[in-house]
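Asker: Since the structure of chain A is provided, determine the placement of chain B on it from the hints.
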Amino acid sequence: GNSVTQMEGPVTLSEEAFLTINCTYTATGYPSLFWYVQYPGEGLQLLLKATKADDKGSNKGFEATYRKETTSFHLEKGSVQVSDSAVYFCALNNAGKSTFGDGTTLTVKP
Amino acid sequence: DAGVIQSPRHEVTEMGQEVTLRCKPISGHDYLFWYRQTMMRGLELLIYFNNNVPIDDSGMPEDRFSAKMPNASFSTLKIQPSEPRDSAVYFCASSFHYTGRANYGYTFGSGTRLTVV
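These protein sequence lines map, in sequence, to chains A and B.
Mapping of the first sequence onto my numbering: position 31 corresponds to residue 31, and the numbering continues sequentially without gaps.
Mapping of the second sequence onto my numbering: position 8 corresponds to residue 8, and the numbering continues sequentially without gaps.
FYI, nobody ran anything at the bench for these hints, they're computed from the structure.
A hint or two may mislead.
Unchecked claim - So, partial list: chain B residues that the calculated Cβ filter (under 7 Å) puts toward chain A: (1) Gly28; (2) Tyr31; (3) Gly42; (4) Leu43; (5) Asn103; (6) Gly105; (7) Phe108.
As the list claims (entries may be wrong) - No farther apart than 25 Å at their CA atoms in a straight line, the calculated lysine-lysine pairs in the DSS-like style are these: (8) Lys97(A) <-> Lys68(B); (9) Lys24(B) <-> Lys97(A); (10) Lys52(A) <-> Lys77(A); (11) Lys56(A) <-> Lys68(A); (12) Lys77(A) <-> Lys60(A); (13) Lys97(A) <-> Lys52(A); (14) Lys78(B) <-> Lys97(A); (15) Lys78(B) <-> Lys68(B); (16) Lys77(A) <-> Lys109(A).
These figures come from a predicted structure and were not determined experimentally.
In this text, a Cβ means the ideal position worked out from N, Cα and C, and glycines have one as well.
Bound-form chain A, shown alone:
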């Protein structure tokens, strides 16, 4: 079956620090991969996506590369801001249905 394992949180960083949140997956076929972000009191929002191996998704300074050989899709940002504090979910989609990781809470301190 399909599964997503992401780095346990919470993660606390200082402003301008480098961020990595690890995500690995198990899936049949060729899934699409996603990162979603959830700010307090809101729904999940699509942050970035990659639909095939070696694709790099990017948005708002965040990046993740679809690595088929390591079945990974790690989220990175070079310099985090206080406004990046949120919960981040890694997900894969196979045949229309997504499987989500458990979420990683990021807190960025000034």
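Answerer: Coordinates of chain B only, in the frame set by chain A:
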């Protein structure tokens, strides 16, 4: 595009009452999902529809929960009777899936925060 619209945003009800949550998906999307989110259990998929047909309801906790999608632009999730343990944030999400090709992600609504007292 107004996105996925859920109503109400907040609902407080007494144990034993019927609760109906509503969702309007994005026009043209062919998949609709209902999720429940709590601190203890995280994000749980309750049921999903494809072209208005329920595909998998294995996540529905028990017979007190039911969901319908009478047309492409509307879905409801009903809890009858409600219990305090149903207190959670309920999200609706919609998506378009290109058969045999990539999926481009879900659009979530803002959620309904349900409190059963």
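Asker: Flag every earlier hint the structure violates by its number, smallest first.
Answerer: 1
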